[in-house]
Structures are given as structure tokens and as C-alpha cells.
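Engineer: The primary structure of each chain is shown beneath.
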Amino acid sequence: MSGRKAQLIFSLAVVGLGLLVPIVIRTDYMLNIVFRVFLFAGLGLAWNWVGGYSGQLSLGHAAYFGLGAYGLAMFTNRGVPMWISVLLAVLAALLFAGIIGKVSFRLRGPYFALCTIAFAEVLRLTAKNLPNVTGGDVGIQVPLLFPHATQLSFYYSAVLLTVLGIGITYWLEKSKFGYYLMAIREDEDTALSVGVNTANQKLYALLLSAAITALGGALYGSLFLYIVPDQVLPLEISTELAIVAMLGGAGTLAGPIVGALILETASEVFKNFFKEANMLIYGVLIIVVVLFLPGGIVGTLKLKETPQKLDSESGRVTVDE
Amino acid sequence: MEWVYGNLQVILDGLMTGALYALIGMGMALIFGVMRIVNFAHGAFLMMGMYVTFVLYDRLHLSPYIGFLVAGGLLFVFGFLTYLLVLRPLPGQESFMVILVTMGLSLILVDASQLIFGADYHQINIPLQSTNIHLGPHIAMNAPWLVSFGIAIAMGSAMYWFVMHTMFGRAARAVAQNRYSAPLMGINVNRVQAMAFGMGAAAAGIAGALLLPLLYVFPEVGNQYRLKSFVMVVLGGMGSIQGAAMAGLVLGVVESLTSYYWGNEWAPVVDFVIFILVLSFRPSGIFGSQRA
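Those sequence lines, one after another, are chains R and L.
For any residue, its number in my numbering is found by taking its place in the first sequence, counting from 1, and adding 70.
For any residue, its number in my numbering is found by taking its place in the second sequence, counting from 1, and adding 3.
Just chain R, with the same shape it has in the complex (with noise of 0.2 Å):
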């Protein structure tokens, strides 16, 4: 499963089971863990297209998230409409992206991933400290983005996000775009050298990811009605899109839809066996796809059919020394 036309047919298979999953799966509970699967698979491939196709390793993209859903709470709470809320907030992270990507592009290796956590964090504490602004940690009120059939609603377009993500990676892999990407992530000098404008190229890769990252974040806090800074805008959230993509494989495109169903459906099996210690486990199965699966689950297949691709299938960043 490991060839591009290979990867695609599994990643619809995926989303085809998917569809049929709520004539199976009654219960709310069932249907909120396949719908964090599919949320997090469409989010992880957009992270995938920064992190995994362009090199540029993020830790920030909590910040995306979070604006999505803070900017549908806030603009609805003032009287916008809600659907044009939604565009609004996808635009604030769009800004906010554009802003970060400025900044952070220009640096390699650890103080990229650092400097991108930085804005995350300056953003999630401002939430926690205006709370006449974002309500503070006491919370806002988001609306129900689908007044009828609500769980169900959310489940499918959380399907409706991944396929979106699988449809732009597809494109993005054949693509002059996605080419320029990936000369970006093999070396950054040599492709501008060739002429490739690696810091616009970045940018777009990043407002593209910042956009879908940010519907996400609209629909995860529209189907809790209610969100605190602590639960949209942490690093955890950052960290759990980049370990959905690396775990799969970054830079691959079955690699997110692998990674998420892996981690989604285990960490909800910790949850409910390991009870307190969950956290440990989820930190020991990090510990351990970095150690031994470096290239993620769909990475390691493809390098063992064609073994010279190891540096173009890892995703690896150059420290600049």
C-alpha cells in the first residue's frame, strides 16, 4: 500500500467505511471516537502539507485551531451571522498565519518548531487573560453549526474535511506546487537556488494548512458548545496533529488517515484501561514511533520496497550547522 494510486485507494476506502460506520455505531459515545478519527485525519493531513511534504516541522498549529473556533464563538456572540462567522474565523487564522509564517520561516531546525509553539502560546494565554473579550478561562459559548440531526452532522463533515484533505494531497503530490515543497524540504538552498521562491511557496503551504486547521477547530468547538483556552489552543493539540501525521508517515498520504486511526482509537483504549496513567502511555507510544518508526507506518512500508527514497519519505529537516 504504498505506491501513490495504492495510498489513495486505501485512504477512500477509509472514508467509504467511514460513510457506512452510523448504520453500524448507535451510541454517541462510539460515534464522537470515529469522529475524532476523521477529524484528526483531515487535520493531520493538513498539517502534513507544512510538516511532512514542505519539511517545515510546526508545533504551532494549536493556534490555528483555536482561532477557528474562538473566531466562530466570538464573531456569532456579536451578532454575526453564524456561517459567515465561520468564513471570518478561517480569515483571522489566515492572517495569523500569514504573520507567523513571516517570522518563523526564516528560521531552521529547533527555533522554528520553538518559535511557532511561542505564538500559540502568546495566544492561548491572551484568551485565558481578556475574559471580557474571550470569556478567560471561565469559557465561551459556541453555537451549533447544525441546528437537525446534530452527532451525525458533525461525524460527516468531519468525513467531509478528510476528504477535502485527501482531494488537495493528491493534487499537492503531483503538482508544481507540491514539487517545489517537497525541493524545499530535500534542501532549502538548492531549490532557491533553481529559483524556486521558497518563502512564498512556504507561506502558501501554511495559509493553506492554517484554513483547513481552522475549520477543524470551528466544527471540534461547535460540537462542544462551550470552549476554554486550555482546550482548543494547548500545545497538546499541536503535538497530537504532528505525532497523527509522523506516526502514519509525514510527508506520505495514507500516512494521517494511518496515524489516525491508530492514535485516536488507542489513546481512547488507554483512556478506559490505564485510567490515570494514559498520559504515560500515550508519551511511551511517542517515545517509541520516534525510535523505531522514524519514517511513521506508511514511510517504513514504502522505504522497504524502495529503500534509496529514505530521505525523500522521512520528512526530515537539515539543522543548519
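It is worth saying that the hints were derived from the structure and are not from the lab.
Only a predicted model underlies this, so the values are computations on that prediction, with no experimental measurement involved.
For glycine and all other residues, C-beta sits at the position ideal for the given N, C-alpha and C.
Derived CB-CB ranges, DEER-like: (1) L:N191 <-> R:D257: 27 to 37 Å; (2) R:Q221 <-> L:N135: 55 to 65 Å; (3) R:T370 <-> L:L84: 19 to 29 Å.
Counterexamples of contact, computed for chain L against chain R with all Cβ distances above 12 Å: (4) Q126; (5) I127; (6) G139; (7) M167; (8) V257.
Cβ-to-Cβ under 10 Å is the rule here; a few derived chain L residues that face chain R: (9) L103; (10) Q117; (11) R229.
Using the hints provided, position chain L relative to the given structure of chain R.
Structural biologist: Below, chain L alone, put in the same frame as chain R:
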């Protein structure tokens, strides 16, 4: 005059916190300088140092001012082993992978201490806590803060001396300058890195121990230092331990002034804003001459 005393008190308070930050930052700077990695478990190491000292006090009635040495020793061993078991096997020690691995480690440590000690806040009571030292009629310092400040300065100076004047220190600085040439000079890079990681962890652990008489201890107590310790590294000039020490003191004062004028909750925001500004406009740091 009231205004002057008020600010002076705030600045002195900031220096007290700053000395502890300096120790934390120096540990991170040593790790970053020698290994070019970001240790996201630094806050968890600090938390471990706090709990070790807490248990020693709680069970054996050992004063934290002796317990900090035990915490430092244990954390050194723990850091050394962490390097050997988790970080050394990492292919190429890529920066992002290291961030994720140390984040995973941090989750494990925080959750483990939650399982062992529970999520409750603990505190120790030592007689010193009710003593205030008056510097003139308007300025008073709480005694445990002064003691922790003194020990932190002493430990920081010792660490600086160690890195500057011992064989290990020279080897560590050689690896920091060029990790490909260092082994050609007969330096065992793996051992130096393991030692450096151990010492960095020990510095965080000692800082944690010194914070025990001052703050509550709970499993997530270290989280706020995860990114903050790197703010000091960046501010101090990548990998410069004296730069990180200066940055720690400055950060302490800046936070103290921020809390005084705008409120406690804005202090971490100011940290991160400084971090972003330094990275954007002066990536070589403010206090360090060393270039990454």
C-alpha cells in the same frame, strides 16, 4: 520615594526568581550548546528535583538545603541514563525528533509522579519561612528566597567554573564548537554529551529543590519552565551558559515588573513575546557573543 522603594522591592524580588531561572537556563544552555538539541523534559526534571527533595524532607526530615545535593546527584544519573537509553539511539539526533521524544519523556514523568504522589499540591514548612530580612525601613526579603538565591548563585558559579576550567568542560566546549572535529582530537563525544545532559538535568533538579521551600509542588509544576528555559538560551546567545545566566536574571526582573504593573498572568506572555522578538531581530542573542 514610595515609587522608588516599590520598584526596588519588585526588582530585588525579580532577581531572586532570576537566580533560579539562571540555573535552569544554564542547564539548558549546556545541553543545547553541546548537543544542539532542545530538551522539552527540562521542566519535568525540575519537577523531579522538587519531589525528591520533598520526599527527603517528608520522610527523613532532611532539610531542603542539604536535600538539593541529593536531588542534583540523582538527576545527574537520571539525565545521563536518559541520554544513553533514549537520545543516543535517535537516528541523527534530529532536532524535531528530539523535541518530540523529550516531550514524550516529559508526559511519562509528569504522569508517573501523578500516579505516585497524586495530583495534590504539597508544601513544606520550615521555620525559616516566617523570617523576613529587612534591608532598610522599606525593603524586606523573605529568608528562604535569600537562601535559595545564594545557593543558586553558588551552584551557577560552580557550574561555570566547571565548564571553563576542567578537562570535561574543555571537551564540552570543543564539542559545542564543532562536533565533527572534536572526536578527531580524541574526545569521546558520546560521553561528553551524556555528561552534559546529566549536568543540565542536575541543574534543573537543583533549581527545583531550591524552589521547594518557596512554591507548592505538584506534577505539572515544571510545565511552565519547558519553553521558558529555552527563552533564556535564545536570549543568552545559543549555547552560551554565561549568557543564559544573565538572561535568567533579566527574565526574572522583567517578569517581576510585568506582574507588578500588569498582573501575574501577563508575565509568561511577555516571556514569549521577548522570545519571538529576539528570534526575529537578533537571533544570535542579546547577552552572548557566541554564534550558533
